[in-house]
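Q: The chain contents come next:
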Amino acid sequence: MAQAAEAVKTSYQGQMHLLQKDMMGRYFERVTRAAEQGEGKAVYMLISGNPVELVQAFDLIPVYPEIDALQLAVKKSALPFIQKAEELGYSMDNCAYVKADVGLFLGDRKTPFATIPLPALILCNYVGCNVYLQWFEHLAEYCDGQIYNLDIPFLRDPSGQPSAEDITYVVRQLEEVIEICERISGKKLDYARLKDIVRRSGETGEMWSRIKGLTKNIPSPFDAYFDSVTMMAPLYCLRGTEEGVRFFETALKEMEEKVRMGTGPLPQERFRFIIEGPPPWPYLRTFRDLFSKWGAVAVASTYSTVGGLWEFGFRHDANRPLESIAQHMLQWNVTNRNFLQRYQQIRRYVEEWHADALVIHSVKSCRLFSAGQGDMREYFTKELNVPTLLIESDIEDPRYFSEAQIKNRIDAFFESLEHKKMVHAAAEAGGAV
Amino acid sequence: MTSFENLFSRYRESLENSPLDLVREWKDRHPDTKLIGCYPVYTPVELIHAAGMLPVGIIGAGNRLEIAHADSRFQSFVCSIVKSTLELGLTERLRFLDGIVFHSICDPARNLGSVFKRNFPDLMVEYIHFPQNMTSPHTVDYLVSEYRRLTASYEQLSGKKVTDGALKQSIALYNEQRRLVRDLYALRREAPQNLSTLECYVLTRIGTLLPPEEHISILQAAIPELRQRHERPKDRIRVVLEGSFCEQPPLELIEGLEAAGCYILDDDFLLGWRWFPKDIPTDGDPLRNLANAYINHSVYSGVKHDSREPKSKHLIDKVKETGASAVLILAAKFCEPALFDYALYKRALEKEGIPHLCLEFEEKMWIFDRARTEVETFVESMLFE
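Chains as they are written, first to last, in the working numbering: chain A, 38 to 470; chain B, 3 to 387.
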């Protein structure tokens, strides 16, 4: 316990973080110009398995209400929007991402980071999350806007693969989306350009995958939860662009350098854990510090695979642009995989990333992630003997974060983990004598 | 008691004690028939039936089963039916099933399918992805392929090939069942004093538990008898009930709502078993007919997102068609589809000037005083306005 007593405040600022701030700042300026000066047209999309390549190919602006909602939460300005939605009839028990966004949408759509334009198209990429369908159905009704439900069949076959029919169905729908984008943008699809974008997505996937592989090193060069989320925004908003490629080149170089230097995000890495579930955005810093003080570093996270899962080998293929976008949506993201596939994903992380423990952050808003995580805990503790901690709060609603309670649980967990390590080390030492 | 009243009280008691007793008893008498449990909302039961098996509704556990194990697997903010269904499994109460099928209705139900797979390896757990793109010309093809996959899976389980002929017969049989249930609802809509919502509910619910042939003969006997009733209408408001398409409220609550002063002219209880407002054609390709009926001729629901027409418009139309003067939203606690829908319904109802009351329930609830008082207050505000 003695070593953990001092709180370690984490320094966030690497080159990658600064570049991210800069690029996302420019992205939000573009979004604001669309809203305020009518410059460009916005396509609303959802993060899970997003087909941003198509939107980039028409120079349309991808707008993700999830990113807007999480920015509101990070900037501690979500609650009034959530409450506004609740006054309109949304339940306490509805996803607070949706409520924050609806509250924003029905007002002047001004936030501390951008003004959000009305959509030229509401493209509901239904990849796993059923709340997505509700969310965009509501937005479409509120603005009387054009909506297209891009239906992605869930992975349900025992093989864990989509069927040939699933792929054909998605490709056919992507072709319909292209037709709609042609109408909205007033230009025909430039197929060669789409191939270029998809090629750059492939390169981005390659670099992102290598970055993620680096956390197998001891110490891990960065935190695969708290620092990965910084890299996720460029991954979704800028994937397929030159700028996006540049960002990931810079990030990869920086992280490789850290590996060479043997440095990590904390002065000392004492525990390596896998984390499952989305972060508590309204208290991200507080939450991070609760782990940092124990020298605990996340070496892999499921949340960083919501928009796409690249570390197990998937790459976009410029020779089959639509098929590979379809495959990305169907198979290569955590949300469209069934719950047991997520168990196996975490199991691989535990084994291949050399983790000591699993932390499950259960959020009320996102039942796609959370419903049934008690069974997941059962599997990891009883069948695999992996120490597992389950804590609850929320992704968006600040009313569900109880710092004292979460702190107690985290402290007790790492204390016992430390004890186990000591006993284990003593046994090893005893054995050697 | 008339023969109908006898029948009603027998089934009511059975449903109240344990909704699955009827199935268990049936299985004891027919040990060789395989049973497939159907989680709400909609299952293409014809596919299961045509493979020589009996599809039965696994629609929660009622309010007499204590949740002692499932709440460590699913959190406090997950609805009752997910937990009670898992509890049934963990306490060995689903041993009579050979398979169970879940669908893409909501996030907890989807994860529940996986949890079932891990915890009950002997049970065949299927999962249907129902399409949510209702405008693409390719959607029906997709759903046909999904039904074909499912059929192959059920053929393997039953050891019986599903022929077009058998499938057409199953469609005709379930058409007949759905038609009789529609008759029942029509009877209630025309003269709600002659058939209570609870009676209608019990008569419909047993259809999810018995072979369709048996249910059909029960309804064929009951409906003419019900037509002979000539009760005097009471001074009650007439409402449409919406929001209970998945988890089902306790029977006492259904009864209490009406007793509090309203006639419920239409509802969405057991909606998946009443999914089609007209018959599915029996000529042509039966799989395609089933798929096409789902996309183009099925009822609106919180678990289907049809961008061709707003859901709220369907509700408003229903209110107008039935001649109801108000809407009762009865949503299961923590049911995201129903609770989200409510926000749209509220907006549309207010725009149309149709009064409504929103209540939440849980299948496991025991105390109904509060719900009853709220309905009474609502009714009074309308009667003495």
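A few of these clues could be false.
In silico lysine-lysine, DSSO-like type, Cα no more than 27 Å apart, as pairs [stated by the list, open to error]:
#	chain 1	residue 1	chain 2	residue 2
1	B	K119	A	K147
2	A	K121	B	K348
3	B	K313	A	K121
4	A	K253	A	K232
Per label pair, the in silico range of CB-to-CB distance [said to hold, decoys possible]:
#	chain 1	residue 1	chain 2	residue 2	range
5	A	Q381	B	E94	45 to 55 Å
6	B	P226	A	Q183	43 to 53 Å
7	B	E192	A	E440	35 to 45 Å
8	B	S78	A	Q183	31 to 41 Å
9	A	G77	B	A261	56 to 66 Å
10	A	E124	B	N298	29 to 39 Å
11	A	L321	B	D185	17 to 27 Å
12	B	R349	A	K444	38 to 48 Å
Note that these hints are calculated values from the structure, not bench results.
Glycine residues also receive a C-beta, built at the ideal position from the N, C-alpha and C atoms.
Q: Is the distance from the Cβ of A:L321 to the Cβ of B:D185 consistent with 17 to 27 Å?
A: Hint violated: Cβ distance 58 Å, outside 17 to 27 Å.
Q: Is the gap between the beta carbons of A:E124 and B:N298 within 29 to 39 Å?
A: The hinted range 29 to 39 Å holds for A:E124 and B:N298, with Cβ atoms some 37 Å apart.
Q: Given the hint of 38 to 48 Å, is the C-beta distance from B:R349 to A:K444 inside that range or not?
A: 41 Å, holds
Q: Return holds or violated for the Cβ distance of B:P226 and A:Q183 against the range 43 to 53 Å.
A: Holds, since B:P226 and A:Q183 (Cβ atoms, about 51 Å apart) stay within the stated range.
Q: Between B:S78 and A:Q183, is the Cβ distance one that fits in 31 to 41 Å?
A: 39 Å, holds
Q: Given the hinted pair A:K253 and A:K232, is their Cα-Cα distance within 27 Å?
A: 33 Å, violated
Q: Tell me if the straight-line CA distance from B:K119 to A:K147 falls inside 27 Å.
A: Judged against 27 Å, a Cα distance of about 46 Å means the pair is violated.
Q: Using the C-beta atoms of B:E192 and A:E440, is the stated range 35 to 45 Å upheld?
A: 59 Å, violated
Q: Straight-line Cα separation of B:K313 and A:K121 no greater than 27 Å?
A: This hinted pair holds, its Cα atoms lying about 23 Å apart.
Q: Are the Cα positions of A:K121 and B:K348 separated by 27 Å at most?
A: Holds, at roughly 15 Å.
Q: May I ask you to test the hint 45 to 55 Å on the CB atoms belonging to A:Q381 and B:E94?
A: 27 Å, violated
Q: Per the hint of 56 to 66 Å, is the separation of the Cβ atoms of A:G77 and B:A261 within bounds?
A: 59 Å, holds
In summary, the structure is inconsistent with hints 1, 4, 5, 7 and 11 from the numbered list given earlier, while agreeing with the others.
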